[in-house]
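These are the residues of each chain, in order.
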Amino acid sequence: MSIIVSISKLSKTYASGFLALRNIDLDIRQGEILALLGPNGAGKTTLISIICGIVTPTSGSVRVADRDIITDYKRTRAMIGLVPQELTTETFETVMGSITFTRGLFGKSPDASYIEDVLRSLSLWEKRNSKIITLSGGMKRRLLIAKALSHEPRILFLDEPTAGVDVELRKDMWNLIRGLRDTGVTIILTTHYIEEAEEIADRVAFISQGEIIVVDDKVDLMRKLGRKRLVLELFEPLRFIPDSLSSYKMELKDGGRYMVYTYDVHSERKGITALMTDLGQAGIRYKDMTTEQSSLEDIFVDLVRRKS
Amino acid sequence: MNFRGVFAIYKFEMARTQRTLLQTVVAPVISTSLYFVVFGSAIGAHIAEIQGVQYGAFIVPGLIMFTLLIQSISNASFGIFFPKFTGTIYEILSAPVSHLEIIIGYVGAAATKSTLVGLIILITSGIFVPLDIMHPVWMLVFLLLTAVTFSLFGFIIGIWADDFEKLQLVRLLIITPLAFLGGSFYSIDMLPDFWQNVTLFNPVLYLISGFRWSFYEIADIPIAISLGVISFFLASFVIITRWIFQTGYRLKN
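Residue numbers (this note's numbering), protein chains in the order written: chain A, 168 to 475; chain B, 18 to 270.
By construction, these hints were calculated from the structure, which means they are not laboratory data. There's no promise every hint is true.
Straight-line Cα separation of at most 20 Å, EDC-like style, residue types lysine to aspartate or glutamate; simulated pairs [unchecked claim]:
hint : chain 1 : residue 1 : chain 2 : residue 2
1    : A       : K420      : A       : D455
2    : B       : K269      : B       : D179
3    : A       : K385      : A       : D421
4    : A       : K338      : A       : E365
5    : A       : K275      : A       : D239
6    : A       : K395      : A       : D384
7    : B       : K28       : A       : E260
8    : B       : K269      : B       : D180
9    : B       : K28       : A       : E366
10   : A       : K454      : A       : D384
11   : B       : K269      : A       : D239
12   : A       : K420      : A       : D384
13   : B       : K101      : A       : E260
14   : A       : K338      : A       : E378
15   : A       : K307      : A       : E283
16   : B       : K269      : A       : D384
17   : B       : K101      : A       : E253
18   : B       : K101      : B       : D180
19   : A       : K307      : A       : D339
20   : A       : K395      : A       : D421
21   : B       : K269      : A       : E253
In this text, all values refer to a predicted model and were calculated from it rather than measured experimentally.
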């Protein structure tokens, strides 16, 4: 897969002295969905804003389709669509007027059938002549996506696209994003909903305190950094783990009613068979057992904790 | 050149005029009519001709210039301030449009609107007083040059202002008094010597004087100096706007 966005040693210090980004290096592949995950103030929006031209970098460079975003900004920006985090719309304008404005602003000739397709795909066609002030929050969110798509971008940045959006609409948006990816659009999204990244991203980049901690394929990441837990529901609560089981990485939960064994997903020997035998010998009986795989959120929290 | 981008901004700004037609077009017509009723008929009837021109006709260039200044500044400052205020400025900043193209779009639209209002006032004035425009080309040159120059000034104010109070501040506290005291309703010859000299420091005097010359060939200031002063303002505002975009002042972090 070729690289569509290449970020090299990118740093940003705001006038207040706040260091938002430190030496970011990141390559974004053409046609992928990359999720940028990080806590508030991690630098996600700053990173997106620099690539789109809204914020000026302090140092470093960004190339889009092998063109510099500063010296060749007209060509790079023409390729990019941005859906901002805030619901910023031209309150008194109509839906159609607003989208037509964006398409023209990006230098594209009018294309009524394309705009109709975009509006229909976002269930906004019926509202095309409505003033934006009359739209609901969810509709405004969809309008922002429609505006970003109105000039047929090759790269789409979505900054918290599903913030404040109901479950049904969120799923519609995920389908839309997948559909766009299938047409070759590269998608970069920031999100607070880690399950969102888990659901639709091909790759995940974790940002914390202005640095990228890890970037990897989502499946590989969960395999490499993920852990599994075996949870046993006991017949009799235990006060402590017997010495005979001390070699296992175990802990008691919920007043000793549950025993939790954490093991590495990809280790050769997970020791479950031996554990079962040892439990029997220790006279510990259990009613039920379940296994849980650590989520992207667990991995993220673990990485951020290790970093700090 | 992203002509479609420039046109998109221009069209978008002009569409706002259509939405606020009463405020933009009808209000200046009414206020101009009131000026003529009060100054032209009621008071003007008791004032002698000024340099051979009937008082009602004498104030026409000043009234047009007065409205032109206020409208240019208001339209342009609001045009760029509103997207900053609502946050939609992100779209302009992330679009493939150059600084020059942004200025042409916003300032062009503001200047068009104020010029149209100026022409509407001119036509309205014709209903009340006999108009005689001796240099129509120069009249248009002054009209357009002033509209562009002060729309650019309004654009600068719109970027500088970070709240609605500041947006109105320059217009209400500086431009309006200067316009009133710049010879809109009188010739500076009518003032005592001391105030004549003070008035020479009022830049609006030069705009009104030049514009009035294009109507009646009478001027407080030589025409070349009037043109020079407008050109000086234009050059100054261009330099400031260039600096704003180069530094990202109040536009970019």
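Index of numbered hints that the structure contradicts, given in increasing order: Failing hints, ascending: 3, 9, 10, 12, 14, 16.
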